[in-house]
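If you want the building blocks of each chain, they are given just below.
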Amino acid sequence: MESIGRRRFLATTAGGGLAGILAARVPPARGQQREISYLCWNNFAPASDKKLAEVGQRFTKDTGIKIRIDHIAHAQQAAKYASEVQSQAGHDLVEMRMHFPWLYEPQLVDVSDVVAELEKKHGKVISSGYEAALVGPAPKGVWRAVPQYHTYFVPTYREDLFKKAGLKVPDTWEDLYTVGRELKKMGNPVGIPISQNYDSISTAGPVLWSFGGMEVDRDGKTVRINSPATEQMVEWYKKMFRDCMEPEVLSWSDASNNESIQAGKAGWIHNPVSAYIVARNNKMVTADGINHHRSLTGPGGRHETDVPRSIAIWKFSKNIEPAKEWIRYLLGKRDVYDEYIISGDAFNLPVYTSLQDHPVLKTDPKFAGLKGEGVQYHIYGWPAPPSDKVQLITNSFILPNMIAKAVTGTSTKEAVAWADKEMKRIISG
Amino acid sequence: MAVGGVRVVPASPRASLRVRARELFDREWFLGPVFVTPALLLILLLVAYPFCMALWFSLSNAFIGRPSHWVGLQNFVRLWESDAFRQTFQNAFVFAGAAVALKLVLGISLALLLNQQLWVKRAIRGAVLLPWVIPTALSTLGWLWMFSSLYGVVNWTGIALGLMDPPGPNWLGQKYYAMTAVVTVNVWRGLPFFAITILAGLVSIPRELYEAAEADGAGPVARFWHVTLPLLKPILAIVVLFSTIFTFSDFNIVYVLTRGGPINSTHLFATLSRQIGLESGRIGEGAAISLYLFPVLMFVVWAQLRFVRKQVY
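Sequence lines, in order, name chains W and H.
Be aware that the first sequence starts at 1, since it is given in this note's numbering, and climbs by one per residue.
Be aware that the second sequence starts at 1, since it is given in this note's numbering, and climbs by one per residue.
Just chain H, with the same shape it has in the complex:
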């Protein structure tokens, strides 16, 4: 076609579609949701759906393969009558409290150590991550052998060093020792997470601040309290938050080491939930056990995130 002597070539429909699509992708109102949708779908499918199912189960008398009915909060109320559940509730706080506190103290110490100019620093940092990398069930099996009261390396070493009287403690057969054992393994496994994350925080603290503190006459302890710790607070809050949630919901360590024994003294919510919900078929009660701490953990998350926000902004 020629118009006024100028030949106009009409744009092909494919090309115009491409242009329109490009324009669409340049607009924030369209591109934003496009990027967010896959993640949102995944969260809905893998987190929201199972969570809602668990919530429904906990409020019903669901039993494997049988029709279920709404029972309100009955499962939550009745659970409190169970000696095993009350013991589990107590265990969870003792276990999580002791393990997170130890991981925090030891994690900071280890991070400070790794922050020094050590020989083969990279190799050491890599080795520290090992407990975090090895599958928990496998490493806990190793601990099971080490804690064996008759043949275990823990008692053997203790006796050889004169720290224990033969035959040594029955680590997994007595309640306080068993709790010590499961806390020890949890600390061993969780320590790298603390150490490496805190180390990342440590290396981001500007050297000038230490130099200024030194110029003001601050010793190593004062530098730690007045420079390192305040600047680490946001990262510590996040690490403690994650660890608290992971530790409360721990399963593998207790399942492999003690299966909740002796006399339920090491049961955690996850292990008791499996025993009641899956092995005995009472899905409703099992779900209620695993959701019992949900409100408490929600509050912890809210409080800690609020703290972090205050620290950052």
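If we strip away everything but chain W, and leave its shape as in the complex, we get:
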């Protein structure tokens, strides 16, 4: 038998091994990188981002899967996601706001198995979570993202000023007009943005729904904005703008209403709880006076804008299973999920039905108004199912622009007709 030299042995085994790896296109177990990356937004409750990083470290320790968590400003999300999809490269997991899962649907992994596990543990996902992340009609639809938490809009007011002036906490949008007049006289106007930002839509939506109106019908095809309900809603905005607000609301950004109540100017705003959390955490003088009350109602019922957030996995990810493991770790382990939710100071609320009476609501007496009894929560465009067209109607700011036109001199009928024409153009396109 021919003897094999040391050099020949090494050359043969290394060459054969390499050829095997190249043929199988799978690295050996020791070389496989169990590392995932997760892109999420800069949470308005910053403590929640810190907690996420902490949970990430524990996840690595417990599972051996390394996780890199990156953050991005919410205004940059759409552009970043578009570039990741176009280049088919980037993060494994991404945080999705509202109906993003519909927008990126063909690029997202089916995560129905993970959602089924979570629903078994925490109860059904709340309705707005279904609207946002279950793509296709329920129950046959496919979950393209796993519901993570939700943030809803809530009336936020200066309780101290209300008490001082003997004002009654409003229950209807009409009540708000009554107290709003007094607030403006006191130098503390109502602060509802009427500009090209998302907070404007977040208030215009509930007002429209509460007056019994809608933009597009349930079929997603019939535009219903030109209705008496919309005209009533516009008339309400006109008198609010005239008697209860300052013209500055026409140029407000998403942050302006928060800043206005924190600075001691606005007496009432419609915003998630972050306005109060920031005031409290930064020990602002207005913090003690700020409180929340139940969402307002109207002839069409008590509706509120909800912003569900979910976690999705790109189809181009090479780490789909480890990515699912991260979702199960963060949302499926009750203690971890509780810890994560509590770090968000009631800005991030649980999105599963049996967790609705969550301990986070008892961490501050000011969170009592967040319970939302009898409130129907929806995402933008309700009752129309999410679609690229409904998304374009939202992103084109047609609703706030219709109101802005009306409050700055255009007749109500003309403003509504303009919105009707613009929405019909989009739906027919």
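To be clear, the hints were calculated from the coordinates, so they are not data collected in a lab.
Values in this document were obtained by computation on a predicted structure and should not be read as measured data.
Don't be surprised by glycine CBs; every beta carbon is placed ideally from N, CA and C.
Treat the hints with care, since some could be wrong.
Said to hold, decoys possible - In the BS3-like style, the derived pairs of lysine-lysine whose C-alpha atoms are separated by at most 27 angstroms in a straight line are:
1. 184/W to 175/H
2. 50/W to 61/W
3. 310/H to 238/W
What the hints assert, rightly or not - Here are the in silico distance ranges between beta carbons for each label pair:
4. 137/W to 300/H: 47 to 53 angstroms
5. 421/W to 161/H: 43 to 49 angstroms
6. 222/W to 297/H: 36 to 42 angstroms
7. 300/H to 421/W: 30 to 36 angstroms
Assemble the complex: chain W is given as a structure, and chain H must be docked to it using the hints.
Just chain H now, kept in the frame of chain W:
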């Protein structure tokens, strides 16, 4: 080896290669392309490829992450039906026209001023460049605070000087004021580019021409019209050309100050393109918006370069 008593040492192959390479580099037909190729590759990679992609997108129904199909000029035609787009089209011309005209007039004035024998001339010239140097998004954020209708320094100063009635204009909430605000910031930012470039032109005008004009009895105004301005024409044409293109494609100022509002009255092609193409996923329409003015701008470039060539040769 010895031949006829003379010893010949054969050239080493390395040395002969070096000689051949040197000869090659001495030839224009080889050296020219060598120098041009890296720049050409960069242009192809960073300009031509994205441009061709954008062109393809604009002629397709491309939507984020979905297969796209050729739709011809449909995006361009359908855009014209959109109220927001027609408004944007108008805004772009108002914005670019007003901003470039103001930058031109103020730029010439500032350059003339900087051309004088001023005390600490260098420091002043350096300071003038500041708006051009600071990142636009950052400086525009400063303007956002200054234009705040309730707490902004613009209204505060106007009211304090008795120029405005309290509470002052709602700069970013009313359409004409909002357009004035975005034009103001664009002029503030673009002015140094005009001033410094025109200044470079001014210092290159021979003093003898002014002396001759003075000897002929020309006053300052006549000297400006008959000496300075004609000699500045080529440089002004180039500056206006660049500025027109930059101003039409401006994004940061509008995005930070108004996000296109109120009621789309300050949207420009770039901001509307982002809203439709990236935020709503309609890449095809978004690309069509950003390319809408391409033929017009091409014509402007052609006309101005032709003018410059006539002036120079």
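(Q) Holds or violated: the 30 to 36 angstroms window for the beta-carbon distance between residue 300/H and residue 421/W? (A) At roughly 33 angstroms between Cβ atoms, residue 421/W and residue 300/H fall inside 30 to 36 angstroms, so the hint holds.
**Q.** residue 222/W paired with residue 297/H, Cβ distance criterion 36 to 42 angstroms
**A.** 41 angstroms, holds
Q) Holds or violated: 43 to 49 angstroms for the Cβ distance of residue 421/W and residue 161/H? A) 44 angstroms, holds
Q. When you take the CB atoms of residue 137/W and residue 300/H, is the distance between them in 47 to 53 angstroms?
A. The hint (47 to 53 angstroms, Cβ to Cβ) holds, given that residue 137/W and residue 300/H are roughly 52 angstroms apart.
Q. Holds or violated: residue 184/W with residue 175/H, Cα cutoff 27 angstroms?
A. Holds, at roughly 25 angstroms.
Q: Would you mind confirming whether the straight-line C-alpha gap from residue 50/W to residue 61/W stays at or under 27 angstroms?
A: With a Cα-Cα distance of about 17 angstroms, the restraint between residue 50/W and residue 61/W holds, given a limit of 27 angstroms.
Q. Is the Cα-Cα distance between residue 310/H and residue 238/W 27 angstroms or less?
A. Between residue 310/H and residue 238/W the Cα gap is close to 59 angstroms, so the pair fails against 27 angstroms, i.e. violated.
Going down the numbered hints, you'll see the structure goes against just number 3.
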